[in-house]
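Use the sequences and the hints to build the structure in full.
2 protein chains.
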Amino acid sequence: MKLSEIGEFGFISRFSPLFASLVPESFTGIGDDCAIIPQNGKEDLVITTDLLIENIHFLRDSVTPDQLGYKSLAVNLSDIAAMGAAPAGSFLSLAIPADTEVEYLDAFMKSYHAISEQYEVPLLGGDTTRSPGNIAISVCVIGKCPKNTAKLRSTANDEDIVCVTGHLGDSAGGFKVILEKTAMTSETGYLVNRHYMPVPRLPEGRLLASLPGVTAMMDISDGLASDLMQILKASGKSGTVDLDKLPLSEMLEKVSFEQGWDPIELATAGGEDYELLCTVSPSHFKDVSEHFFSTFGKKLYPIGRINKGQPSVQWIREGREIIFVKKGFDHFK
Amino acid sequence: MKLSEIGEFGFISRFSPLFASLVPESFTGIGDDCAIIPQNGKEDLVITTDLLIENIHFLRDSVTPDQLGYKSLAVNLSDIAAMGAAPAGSFLSLAIPADTEVEYLDAFMKSYHAISEQYEVPLLGGDTTRSPGNIAISVCVIGKCPKNTAKLRSTANDEDIVCVTGHLGDSAGGFKVILEKTAMTSETGYLVNRHYMPVPRLPEGRLLASLPGVTAMMDISDGLASDLMQILKASGKSGTVDLDKLPLSEMLEKVSFEQGWDPIELATAGGEDYELLCTVSPSHFKDVSEHFFSTFGKKLYPIGRINKGQPSVQWIREGREIIFVKKGFDHFK
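Chains A and B are the protein sequences, given in the same order. With positions in the first sequence counted from 1, the corresponding number in the working numbering is that position plus 175. With positions in the second sequence counted from 1, the corresponding number in the working numbering is that position plus 175.
Please keep in mind that the hints were generated in silico from the structure rather than gathered at the bench. What you are looking at is a predicted structure, and each value in this text was computed from that prediction instead of being measured. It is possible that part of the hints are untrue.
All copies of an identical chain are treated as equivalent in the list; a pair is satisfied when it fits inside any one copy or across any two copies.
[Said to hold, decoys possible] Okay, derived cross-link-like pairs now, PhoX-like style, lysine-lysine, Cα gap no bigger than 25 Å in a straight line:
#: 1; residue 1: Lys420; residue 2: Lys408
#: 2; residue 1: Lys483; residue 2: Lys408
#: 3; residue 1: Lys420; residue 2: Lys473
#: 4; residue 1: Lys217; residue 2: Lys322
#: 5; residue 1: Lys285; residue 2: Lys177
#: 6; residue 1: Lys177; residue 2: Lys483
What follows is the structure, given as structure tokens:
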């Protein structure tokens with residue numbers, strides 16, 4: 176049997192039960208954006224790691240080394256944001272073909288440094304080695320949060336309001352611009368930039384984790400449809416999403432109209448938004464939402480509800496349930 | 176300019192000064208076996224990461240998935256051992272070609288689990304993705320040690336005795352057996368096993384770090400010649416190694432004699448020994464050495480001295496200095 180027949184999640188489910196008994200009860204292991212290791216009476220440690228492979232996650236021809244250096248750290252910071260934690264340090268491992276230009280690597284590292292400086296994340300270690308083929312980039316980020324405040328996927332409650340911190344689908348639109356070589360305009364350029372330079376929602380994550388009533392949280396990396404299912408499965412709930420409420424940028428709407436794309440498909444199945452997806456108890460929603468707006472000058476968008484029931488998403492359009500098949504990426508299929 | 180012209184250490188030296196100002200003063204960053212992050216009044220956190228690339232670090236035809244799963248974690252545990260710390264959790268990221276047999280991956284994970292269980296290291300997370308070419312394995316291990324006890328490379332003193340925890344060159348001999356397809360005997364089999372199944376010296380590292388007089392420590396991964404230079408550079412010292420004192424296994428001596436290999440070259444330049452290299456003050460050496468022997472029933476081998484002077488190694492054979500050029504691996508050259 177080939178790996179492609181069972182997929183990424185199929186593979187993980189084969190070995191993760193084997194390892195479960197080794198995890199101390201106070202730890203959170205496989206299955207959330209970060210692992211959580213309790214440190215002391217005051218703080219918990221959160222850790223995340225991501226692997227970026229050339230020709231799978233990026234094409235060297237269509238991403239600059241600056242963008243790549245930025246994004247390598249940004250996507251890991253997004254996982255730290257999803258826990259409501261603050262980053263404390265990063266580790267960068269690179270496998271590089273020997274004929275790579277040093278100037279390319281200098282640009283990569285300069286940009287990795289710029290985002291490290293922006294978010295005050297020291298680079299503490301890593302590994303560099305030769306690669307016989309593609310570039311491989313492995314980043315690990317360690318973060319900290321006040322004890323027992325890290326937000327999990329498994330803690331959504333019935334009736335909670337499903338929210339997102341910003342526009343969805345821009346990154347997938349940007350990726351389509353790149354693939355289809357759509358003419359560059361200020362709007363398509365905006366989308367491409369959202370694809371290559373996602374903003375990790377660190378302050379948003381920290382605020383949300385500190386407010387009463389925010390129950391579950393994760394970042395949207397595989398697409399809303401796939402990622403909301405992660406919360407629903409982990410929490411043992413079903414959910415409803417009102418497609419008319421999905422926040423779409425004017426730029427995505429304009430480019431989608433011109434190109435004949437379905438922006439809702441991009442916003443649900445596209446992936447790499449790196450906005451935060453959270454659930455908020457209905458009695459706290461008004462306070463949370465006002466606090467969010469007064470702090471960041473932007474809306475926390477309510478897009479759906481958590482319900483009792485088997486893990487599944489009901490998609491609503493113009494008040495009626497519709498069927499929606501795409502479920503986001505599975506890297507092996 | 177190509178990466179191959181400047182090598183791995185050349186590349187690292189281009190960017191590490193840029194990042195130095197971001198590292199808090201109480202942290203230890205790039206340049207040791209692990210990074211150190213202080214946690215609280217009692218404990219420090221140590222973190223290490225390693226990247227293993229198919230066709231660079233291993234050939235799929237000549238290593239079983241069991242050996243590969245074991246070694247992926249073992250080499251990282253060796254870095255934790257080198258600090259004198261205890262492992263607290265691991266993170267495993269895999270990039271895998273889609274046509275890989277699931278049975279191959281099951282065997283890899285079963286063996287990764289066996290060593291995780293042996294050393295009580297929970298697998299806490301990671302990332303899995305498709306690879307267009309080679310398998311890439313990135314492992315990160317987190318460990319803990321009592322506050323301010325982690326052993327560094329930079330703290331060797333004049334007159335210290337340079338010691339190693341076990342036989343050198345076996346792993347390099349085993350690698351030669353594999354490359355040269357030497358006939359399998361109990362001796363060549365022993366060497367191959369030492370190459371694929373290195374034992375992380377965790378209890379040895381913890382004991383040494385707890386004893387007064389042990390000044391610097393690291394693990395031998397690139398070979399004695401290269402790794403001792405790391406201690407000498409970090410400590411601003413020179414060193415002497417008595418080649419007649421290098422501990423060689425009977426198996427290595429026997430196979431080397433039969434095959435016409437130079438075991439001393441394998442023991443100094445070969446790499447992947449994963450024994451610990453430490454420096455011990457002369458006034459404490461007797462106590463440390465006796466304590467080591469009574470705990471583990473094996474010798475702590477004194478092989479040389481730390482001296483004042485520019486970082487360099489003097490190699491002594493039969494009481495006279497000899498010139499020795501090989502310096503171990505540099506992955507880009």
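Worksheet item: Any of the earlier hints contradicted here, and which numbers?
Response: When the structure is compared with the hints, only number 6 turns out to be violated.
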